[in-house]
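Sequence order for the protein chains is Z and B. Here the working numbering runs 24 ahead of the position in the first sequence, where the first position is 1. Going by the working numbering, the residue at position 110 of the second sequence is 102; the numbering climbs one at a time, nothing skipped.
It is possible that part of the hints are untrue.
BS3-like, lysine-lysine: derived pairs with alpha carbons at most 30 angstroms apart [claimed, not checked]:
| no. | chain 1 | residue 1 | chain 2 | residue 2 |
| --- | --- | --- | --- | --- |
| 1 | B | K125 | Z | K88 |
| 2 | B | K16 | Z | K32 |
| 3 | Z | K29 | B | K126 |
| 4 | Z | K29 | B | K125 |
| 5 | Z | K100 | B | K30 |
| 6 | Z | K30 | B | K121 |
| 7 | Z | K186 | B | K26 |
| 8 | B | K12 | Z | K100 |
| 9 | B | K12 | Z | K29 |
| 10 | Z | K32 | B | K12 |
| 11 | Z | K32 | B | K126 |
| 12 | B | K125 | Z | K186 |
| 13 | Z | K32 | B | K121 |
| 14 | Z | K30 | B | K126 |
| 15 | B | K12 | Z | K86 |
| 16 | B | K12 | Z | K186 |
| 17 | B | K12 | Z | K30 |
| 18 | Z | K129 | B | K121 |
Hints are computed from structural coordinates only; laboratory data are not their basis.
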Amino acid sequence: MVIVKKFKAPVILAILFLLLAFWAPEIANRSAVVSFNYLKEMALVLPPVFILMGLLEVWVPKEKIRQLIGSKSGIKGMFFSFLMGTLPTGPLYMAFPMAGSLLDKGARVSNIVIFLGAWAAIKIPQLIAETEFLGLQFTALRFILTLTAVIIIGLIMERLIKTTDIPSLLEKNE
Amino acid sequence: MTTIVIYALLAVLLALSIIKDRQKTRQAMMVAVKAIWKMAPGLLAIIGVVGLILGILPPETIEQLVGAEAGFTATATAALIGAITLIPALISFPLAASLLRSGATIATIAAFITTLVMVGFVTAPLEIKALGKKFTLLRNGFSLLAALLIALMMGVIL
């Protein structure tokens, strides 16, 4: 019963899919193909991302994180957060647990926003594809503007958010 | 390609971890399993919702919605569609290119791509779980705003 409750949303969605299969088989078909592709991607990329997070949790001490991307890390911390974000991985939502864990360990809010921004928008394979389809000029300009925006958003958010606003992933787990 | 890189990276780090301390490696795996279990319902829900949205709103429909029109309405619509959908980069760039060919402005496709990668309505519940309501609201709100600004600036410059 607990499990059914925990998986309430997916169960409801599965029922929706079934209903749709009767009423609008064409939409249901398209939806199923998209969902299946996402499931495949997730099954492939999710385990390594979470194991990396586990290794980070166990091996990297708080002081190290604080020193690298904490409140006194300055430009170096920004650069390091950016680099971590550009690691070749999956879509943005896969970065949330890792970001939560880093914040937990004392990372600066602005650096986490930069990390998430880089993860979302600044990936080398993604930039190559963008250049191919939309041109170098478009890609370069969007890259520069996005990077600037992410840094500004990070600095603004840092002023608005207190550490108590952030839930702790591992403590709330129990 | 990216999957190979991340698995290679993981293999090296995992090997190092096992050599240095088996107990700690076990602990790391436990952290990973627990986190996956915690996120599983949200992740499955995302898969379902994204499928439904793209089933109802396939690329052809998106093209009809923002294709031929110009002006701020089209740009705002594109930003909104980018914010609520979750399309992999490999599909979104060709889609953006075909939008451009069918008459969309530079600003419109810039808005679409930028919100697509930076703003996530569907993934918000997951983000809230990991980073809190305030963080999620602010990050997505500012990103949406930034996407519109970036789009307008790109429209002017290019």
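Next pair to validate is K32 of chain Z with K12 of chain B; report whether the Cα-Cα distance is within 30 angstroms.
violated, 41 angstroms
For a C-alpha distance cap of 30 angstroms, please report whether K12 of chain B and K29 of chain Z respect it.
violated, 40 angstroms
For a C-alpha distance cap of 30 angstroms, please report whether K186 of chain Z and K26 of chain B respect it.
holds, 26 angstroms
Need the status of pair K29 of chain Z, K126 of chain B: alpha-carbon distance at most 30 angstroms?
Given that 30 angstroms is the threshold and the Cα spacing comes to 26 angstroms, the pair holds.
Holds or violated: K32 of chain Z to K121 of chain B, with C-alpha atoms at most 30 angstroms apart
The given pair, whose Cα atoms are some 16 angstroms apart, holds under the 30 angstroms limit.
Does the alpha-carbon distance linking K125 of chain B and K186 of chain Z stay inside the 30 angstroms limit?
Holds, at about 12 angstroms.
Is K32 of chain Z within 30 angstroms of K126 of chain B, Cα to Cα?
At roughly 25 angstroms apart (the allowed maximum being 30 angstroms), K126 of chain B and K32 of chain Z satisfy the hint.
Within a Cα-Cα threshold of 30 angstroms, do K30 of chain Z and K121 of chain B meet the stated pairing?
Given that 30 angstroms is the threshold and the Cα spacing comes to 14 angstroms, the pair holds.
Within 30 angstroms, alpha carbon to alpha carbon, are K16 of chain B and K32 of chain Z?
Violated, at roughly 34 angstroms.
Starting from K12 of chain B, check that the Cα of K30 of chain Z is at most 30 angstroms away, please.
violated, 37 angstroms
Holds or violated: are the alpha carbons of K12 of chain B and K86 of chain Z at most 30 angstroms from each other?
holds, 19 angstroms
Within a Cα-Cα threshold of 30 angstroms, do K129 of chain Z and K121 of chain B meet the stated pairing?
Between K129 of chain Z and K121 of chain B the Cα gap is close to 17 angstroms, so the pair holds against 30 angstroms.
Violated hints for the displayed structure, listed by number in ascending order: 2, 5, 9, 10, 16 and 17.
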